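Since each chain sits alone in its own frame, please combine them into the complex, following the hints.
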Amino acid sequence: MGINLQPLLGYQALTDVVIYQYDRAITVQQLISDIAYLDQYLPKHQHLLNLYENRYHFLLGLLLGIKRQSVHLFPSNTTEYTLDFLEKKYPDILMLNQDNLACGKMNFLDIKILLQEKPVHFLAQSFLSFKEDSFTKDNIVIFTSGSTGKPKPFVKKWQDFIVVAEQLATKLATKEHAMILATVPAQHTYGLETSIIMPLVNGFSIYDERPFYPADIEKILMKQARATILISTPIHIRACLNTQVRLPFLQYSVSATAPLESDHARQFEQNYNAPLHEIYGCTEVGVIALRQPTQSPLWQCLDDIKIEITQPINTEEHDYCLRTTRSIQTFILNDYITDLNDNCFLLNGRKSDVINLAGKRTSLAYLNHHLLNIEAIKDGCFYQPELKDDKHQRLVVFIVLEKNFFTLKALKKALQKKVDTIFLPRQCYIIKQLPRNKTGKILNNEIKLLYSEKNASKNI
Amino acid sequence: MSLSDLEVQVGELIIETLNLDMEVNDIDPDDYLFGEGLGLDSIDALELAMAISNQYNFQLRSDDANNRKIFRSLKTLADYIDSQLKIG
Numbered sequence: 001m002g003i004n005l006q007p008l009l010g011y012q013a014l015t016d017v018v019i020y021q022y023d024r025a026i027t028v029q030q031l032i033s034d035i036a037y038l039d040q041y042l043p044k045h046q047h048l049l050n051l052y053e054n055r056y057h058f059l060l061g062l063l064l065g066i067k068r069q070s071v072h073l074f075p076s077n078t079t080e081y082t083l084d085f086l087e088k089k090y091p092d093i094l095m096l097n098q099d100n101l102a103c104g105k106m107n108f109l110d111i112k113i114l115l116q117e118k119p120v121h122f123l124a125q126s127f128l129s130f131k132e133d134s135f136t137k138d139n140i141v142i143f144t145s146g147s148t149g150k151p152k153p154f155v156k157k158w159q160d161f162i163v164v165a166e167q168l169a170t171k172l173a174t175k176e177h178a179m180i181l182a183t184v185p186a187q188h189t190y191g192l193e194t195s196i197i198m199p200l201v202n203g204f205s206i207y208d209e210r211p212f213y214p215a216d217i218e219k220i221l222m223k224q225a226r227a228t229i230l231i232s233t234p235i236h237i238r239a240c241l242n243t244q245v246r247l248p249f250l251q252y253s254v255s256a257t258a259p260l261e262s263d264h265a266r267q268f269e270q271n272y273n274a275p276l277h278e279i280y281g282c283t284e285v286g287v288i289a290l291r292q293p294t295q296s297p298l299w300q301c302l303d304d305i306k307i308e309i310t311q312p313i314n315t316e317e318h319d320y321c322l323r324t325t326r327s328i329q330t331f332i333l334n335d336y337i338t339d340l341n342d343n344c345f346l347l348n349g350r351k352s353d354v355i356n357l358a359g360k361r362t363s364l365a366y367l368n369h370h371l372l373n374i375e376a377i378k379d380g381c382f383y384q385p386e387l388k389d390d391k392h393q394r395l396v397v398f399i400v401l402e403k404n405f406f407t408l409k410a411l412k413k414a415l416q417k418k419v420d421t422i423f424l425p426r427q428c429y430i431i432k433q434l435p436r437n438k439t440g441k442i443l444n445n446e447i448k449l450l451y452s453e454k455n456a457s458k459n460i
Numbered sequence: 001m002s003l004s005d006l007e008v009q010v011g012e013l014i015i016e017t018l019n020l021d022m023e024v025n026d027i028d029p030d031d032y033l034f035g036e037g038l039g040l041d042s043i044d045a046l047e048l049a050m051a052i053s054n055q056y057n058f059q060l061r062s063d064d065a066n067n068r069k070i071f072r073s074l075k076t077l078a079d080y081i082d083s084q085l086k087i088g
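The listed protein sequences correspond, in order, to chains A and B.
To convert, note that position 350 of the first sequence is 350 in this note's numbering; the numbers rise steadily by one, no gaps.
To convert, note that position 18 of the second sequence is 18 in this note's numbering; the numbers rise steadily by one, no gaps.
No lab work stands behind these hints, which were simulated from the structure alone.
Owing to the predicted nature of the structure, the values given are computational and were not obtained by experimental measurement.
Just so you know, even glycine gets a beta-carbon here, dropped at the ideal spot from N, CA and C.
Careful: at least some of the hints might be erroneous.
To be verified - Derived SDA-like pairs (lysine to any residue); straight-line CA-CA distance at most 25 angstroms: (1) K412(A) <-> A45(B); (2) K175(A) <-> Q270(A); (3) K69(B) <-> Y22(A); (4) K69(B) <-> E209(A).
Unchecked claim - To give an idea of the interface, some chain A residues facing chain B are shown, with a C-beta separation under 7 angstroms as derived from the structure: (5) F212; (6) Y213; (7) D216; (8) N242; (9) T243; (10) A358; (11) I422.
One chain only, chain B, in its complex shape (with noise of 0.2 angstroms):
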């Protein structure tokens, strides 16, 4: 399946952002982000944040209802990442 240019994106911020030994096309973008597929976790979860933060500009918070589902998968999180610009 290939990537929208936004999920490249946002698939090489994790991958330089968590310092992972993978290329951009192998994440499958309907993969889950934790646990089972990339097997990220709470740390990298603080660190995304962050990185985010810095380059698209907003905060992620835990109250938001979706937290769970924008962190899914590579596809859910550049969606979220696609709807906060709209909305900046």
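Chain A on its own, in the form it takes in the complex (with noise of 0.2 angstroms):
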């Protein structure tokens, strides 16, 4: 039988596989069928908040919000002061999600409870379909972290991401009925293209469950063993390596989030015997870039992303400026590239200001205005210190105290309720004053020289 549930769900068949579970195949028919009956408990709202880490839930809650026209929304984190912000923002948000810690006042559903009421024989009334405009209405706001203290939205349409998953799915050759395995949220852009709306374009599946550790990753794959799909970051891909965990059945595996080693690229590839690409992006662009790292350093564009230099080359630091036909049209991009040439470029790293944690980013500005609104603190800076043995590099704070006595607990305690938990400084250095310029800037190479030279000396 043939359906039509262009362009969002790319499938031939109702008995096409849409999600397999550990032991159980949920294909169209099915998915159709709970969505018709989570449709009539969906209370009425104009914001959703869909928390779901199992991505059919999540899966469910987007699609009923799709069908519903409702805006999504996708904060950068869901610490207390984020969803503190979104209530108030959005006073009719209804969060979707297993448990409701730290709802607030939110309307609250969720959506696996009313799964399991679902009677066998339910019978849907009428089969699934989106209104014409629902792909290019602004009806997604991603948050980034913003530089204000507050997050910063940026408005997006479904038709943004169902462009990109169409050209990541030619462009990476992926195979009819591959099973799309992914370590990384499905609410954060990278996992939601590559996990989520490309599957769904294209006709793959996607695995339901999240794996953590390498061990969990080898486990499922030897249970489905089928053709599949890694969608990883760079701390898996390292993990899986070290720990020796066997992978079979890999298609293809991505990374993104953060610079690949090239050496892992290389023994993942000989390792599991399958191509490792690289992606690059931002939340606020979406995928700009691919490359397979082991037969090319450069990154190309996708066909819809254009980088220009905005001046002349006069200086060291000019920017970069990406066009595209997305929602956001223009961006000047927060890394700096060198080589652009037919799309193609090199990338030479991040702005100082960017801080990039395990696929988390936000900005110096963000946390520096957190820790400078705690009572007990006169002036202090986050400083994120180079790259150690391969490891993440957590961040420390260098604080100017207005009395005498404070811990790094007290500190973090302050801070753990705005910001997020892997942005929480592992040390606290206590210093006199801050080494700030004429204009009250900090001095990163002032910064970096202190660090050195307390990183001996032990404090707090």
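Next comes the structure, spelled out in structure tokens:
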């Protein structure tokens, strides 16, 4: 039977598998039936916050939201501060999640529980359909942490994601019936593009659980025994190599969120006998470029991306401006790039204000804003030491105190409501004065020097 | 509270792997490793899984029913490693 749920669902038949669970497969027909059942219980709302980690529950929430033309909100973290911000900004917000932790006054629904109560012989009264303009409306708001202390919104359309999904599948030469297995959350732009929208648009299947340990990935692959695309990050790539797990049935792997060591890329391809591709992108734009690092260090832009230099090359720090037909239209890149030629380029590091840890991004300005809001702190700044031993380099803080006594524990407690746990400082250096220039700007080289001096001597 | 030999060994592994600014005797064996307590997070858990796999030659898995309990404190982690070493 032919079906038409284009452009979002590219499946050919109702019997095609959308989701693989550990010992069960969910077909298009089952998905449609579950959506029809859940649709009866979804309360009226305009804004949707879908926090499910399980990809099937996330997908149900997503498709229900698109069907209802909800505005999907994707914050960069779910700290108490961020949830409070969303609740105040969008009073009718509906949270979909398996627990109502920190939902405050938000409307809350657990579709997982509802599904458990679904009658076995439930008959859908209507076929799944989307209104024509569902994909071209500004129905997505993705937040970055911004630089003013408040989450910064970027408005997108589902069409932006569909355009990326179509290109990814083609450029990565994905075979039919591939299964996507992802170690990254579905809510972040990279995860949403590669592990949700790419499989939907191209009719691939999705594994519902998010593996964490390398042995989890191994177990899923051994059990499923089908061609799989692993969507992951440098930290999981390294962890798989390091623990020497077996990863059979890989068609290819994808890494993003941080630069991958070229040795790791080579070893991973050798050990697991499958290509490893890297994606370069950002929350604001989505996927920008691809490369297979063992084949070329050059990044190749997607077809709807053009990068150009915004001013004549007369300084070392000129900007690179990206132009696209996606919602954002233009964007100044956060990275230094070189050798731009024929829409291919080399990457040469991130601008100093951007902090990227294990796929989560924030800015020093955001962190410093919240640090300086702590009463006991007179002045202070976050600092990210250079990469050591190939591990994620955690942040440290330098602080000048209003009063003499303050502990790292107290500092973390004050910050944790506002800052994602991963960015909490690992060390705290109390100093008498921060190295600032006449305009008050913190001098990065001086902080670097201070860190090397302080690193030998310990404090709190 | 004094630490057992294995707790000292695992504590040192945690400190070295995660580059923590503390001595092994600063760790209360019953204190939480994640959240309050040592304040570790998921990236640390992955780093620790790698270090444990290399040092003790067994793999950690999410579907172990006791996974949360295993990582609760230094004591529970050391106890789990001890039980795996006995099986191995």
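Against the structure, the hints:
Proximity of K412(A) to A45(B) is assessed by CA-CA distance (about 19 angstroms); at most 25 angstroms being required, the pair is judged to hold. For the given pair, K175(A) sits about 21 angstroms from Q270(A) by alpha-carbon distance, which is consistent with the 25 angstroms threshold. Note on K69(B) and Y22(A): the hinted pairing holds, with a Cα-Cα distance of about 23 angstroms set against a maximum of 25 angstroms. Simply put, K69(B) and E209(A) have alpha-carbon atoms about 21 angstroms apart, close enough for the 25 angstroms limit, and the pair holds.
Hint status for F212(A): holds, given a least beta-carbon distance of 5 angstroms to chain B, under 7 angstroms. Annotation: Y213(A) was flagged as interfacial toward chain B, and the flag holds, the nearest CB pair being 5 angstroms apart, inside 7 angstroms. Here the hint on D216(A) is kept, as its CB sits about 5 angstroms from the closest CB of chain B, short of 7 angstroms. With its C-beta approaching chain B no nearer than about 5 angstroms, N242(A) sits inside the 7 angstroms limit, and its interface hint holds.
Evaluation of the T243(A) hint against chain B yields a held restraint, the C-beta minimum of about 4 angstroms falling below 7 angstroms. Here the hint on A358(A) is kept, as its CB sits about 5 angstroms from the closest CB of chain B, short of 7 angstroms. A least Cβ separation of about 6 angstroms between I422(A) and chain B falls short of the 7 angstroms threshold, and the interface hint therefore holds.
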